[in-house]
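First to last, the protein sequences are chains A and B.
Each number in our numbering comes from the position in the first sequence (counting from 1) with 6 added on.
Each number in our numbering comes from the position in the second sequence (counting from 1) with 212 added on.
Don't read these hints as lab results, they were simulated from the structure.
Treat the hints with caution; some may be incorrect.
What the hints assert, rightly or not - Below are the SDA-like pairs computed for lysine to any residue, each with C-alpha atoms no more than 25 Å apart in a straight line: (1) K453(A) x A227(B); (2) K370(A) x A227(B); (3) K370(A) x Q124(A); (4) K630(A) x I307(A); (5) K370(A) x V258(B); (6) K453(A) x D235(B); (7) K453(A) x E411(A).
This structure is a prediction, so every number in the text was calculated from the model and none was measured.
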Amino acid sequence: MTNAEIQAIFFVECEEALCAAETALDRCRAGEGDDETVNAIFRAVHSIKGGAGAFGFHALQAYAHGFETLLSDVRDGAVALDPPLIALSLRALDLLGDHVAAARQGTAAPDDEALLVQMAAAQAGADADVDLDAMLGAIAAELVVAGPPEDAGWIVTMRPRDGALANGGEPLLLLRELLGLGGGAARIDTAAMPPLADLDPGAAWLGWTVTLPGAVTRGAIEEIFDFVGADCALSIRRADEGAAHPAAAPPAAAAGCTADARDPARPTGPEGPDGLAGGPSIRIDLAKLDRLIDTVGELVIAQAMMAQRLAGEGLGDAAELSLLEGLTRDIQDSAMAIRAQPIGSIFRRVPRILRELEASTGKKVRLTTSGEATELDKTVIERLGDPLTHLIRNAVDHGIEPPEERIAAGKPGEGTLHLSAEHRSGRVVIRIADDGRGIDRQRVRDKAIERRLIAADAQLSDEEIDHLIFAPGFSTAPSLSTISGRGVGMDVVRQNVKELGGRIAIESQPGRGASFTLALPLTLAIADGMIVNVGDQTLVVPLAHVVESLRPAPGDVQHLGVGRMMLNVRGRFIPILPLGSVLGARGAVGDPTAAVLVVVDTESAGRAALLVDAIRDQRQFVIKSLDTHYRAIDGVAGATILGNGRVALIVDVDALVASTVSTAGALREAA
Amino acid sequence: MSVTARPSTLLALPARCDRAAADVLLPRLRAAVAAGDVAIDGGDVVQFGQAMLQLLLSARAAAAATGHRLTIAPSPSMRGIVAMAGAAALLGTGDAA
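Chain A with its partners taken away, still in its complex shape (with noise of 0.2 Å):
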């Protein structure tokens, strides 16, 4: 066996080790731990310090080494491995493996000056408890004094936008991260910065760039922007590059990146990018990828032709025909596999988001998650990242209380927040759980008085009071705060899950917290949707909004005015939506009770009634941009092509009964 053959072993080794660390690591902070447990991590450190050592890796046997002698005395019980600690512990690793990546590259060793001086400290136990705001004058100071690293091999410029800002989001954090990875000073750019009479202090003026080691790869540099979304122009070139513009930062950044958007030098060990085990594996240019999708949505559509012709000429039950079916959804369900990743991707993200907010806040926060292998659509993924990262703040900020606040109540001192992700139905859904103090109904619904969006004498459900915070810019904050901004965020949240096709749903129990339940499809690109008739049109309806259909009987409809309707479904009462009429289709049926009402249910204005002419079918339908091909259209979400040829427009179900039924309008006449 050659020494690189042996290296490669230990660099294996080195991964499983510290794998094993990170779950001994999660079950101490679960409150899980014993002395098996801390021994566990000592003894993968321990193990990477040997192996480092023989291979004569210094710089990560010298970093072990500080490592371990933190854990030796952790274990030997001089030192409590308190929440702090393992917060630290966690961070340690991190690095750690930044260390065993940089030795199996040959590339220069990540900075760890400041976290072997806090393991010192923790060790002397001086300062144990890291606070990040309380240690950020020091940290600066390091990282100001430093002057561009010598092996400059990035050049990072960032300029943070308005939403940066408006989000709640400090774009300081970001560049603190940044300097982190061994950057220079930071050289700021006050160029569009107005005079003091027309500044907004709220919308972003600044701009940083940051000159970083080789050694670090890019996607240690992108993933501090993973959950800034467009919020911040980035670009990242090479040292050696010229100049380029920035781009919107990732996951934006990553639409014409391949498909796998890490850093090609990182290296690859025995589990996917996700952890998974997995076999070998090859790169694809994401375009390609997307080039199959739209041939696969092609394939499905002329399947769907061939079925219909060959139905009329009365060969509807032929076998070749059930057989092309079978192999077409197998080829989709390929397709989309290759596309679809595990949501542990951004699980694993949450940590970190949280160690920043209990720096923040001072509260303290259990994090659990379940359900990480559970796929979705790649695309999805991307954008899951915001509505989650606020969701996220959202339950810290207003939902999880004080230490003090909690053990008052009667709860432990520190808040839970379970993460999980489930298949149900063809969807996924992700729910959000807190055990803080959940919604405040009287607060919300004063706001909403006083805000208009309810009569005041309005009778509402819990559900419905609920659902008034994610009217747009509702706020119950009785002070704004730099976590989740000025309340603007969880209508923002109902449309990023809206744009995803998905749904969003409250529980919240007073006193016992509140849970935020996101049921989304798989993929964008297919979906279930229910094809209807409404006059000269064939229109669909997406399937995830129906709740029923139904005829009704004349005395279940009453006409209010000119032109309004309301159905009476089991004693309550919705608005009823001609469709034909709303979206201009010729020689709709008009009267209820000679057409079909399908019941939809809505995130903006609760529930309604769509007045269509019949129901034709229902199966899955390969959804168009209109936005692509032609332009966008109000109340119109896509368009389809189905088996007969023809195109059918996808009906926006939530714009269309938002914009006919105010949501005011909607829960007094609910009430």
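Given chain A's structure and the hints, the job is docking chain B onto it.
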């Protein structure tokens, strides 16, 4: 020759200098800069964000443009964050200790 001292306004920054604090400070700072020299006491600052940073940068530029002085006495935390953001020279807060 007599020298007339320009009125100097002292403004204190809160511990948490976030966007909300910047919104509150903005009108007072505009008035103070227009009136004369301004001294800003940042001794209590623990948290310091971009909104406040750009407000102070803009105010200092405005003061300079009108021949007034705007001085800042930062807390160690504030000095560190301003230095980290590469704005120490622009704000005259000095390098982080």
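Verification of the supplied hints:
Our distance criterion of 25 Å between C-alpha atoms is broken by K453(A) and A227(B), whose separation comes to about 29 Å. At most 25 Å may separate the alpha-carbon atoms for a hinted pair to count; K370(A) and A227(B) meet this at roughly 21 Å. In summary, the hint linking K370(A) to Q124(A) is supported, as the alpha carbons are separated by about 20 Å, within the 25 Å threshold. As the CA atoms of K630(A) and I307(A) are separated by approximately 12 Å, the hinted pair is consistent with the 25 Å bound.
Distance check on the hinted pair: K370(A) and V258(B) sit about 20 Å apart at the alpha-carbon level, within 25 Å; holds. Pair hint K453(A) plus D235(B) holds up; C-alpha atoms about 22 Å apart against a cutoff of 25 Å. With a CA separation close to 24 Å, the supplied pair K453(A) and E411(A) stays within the 25 Å bound.
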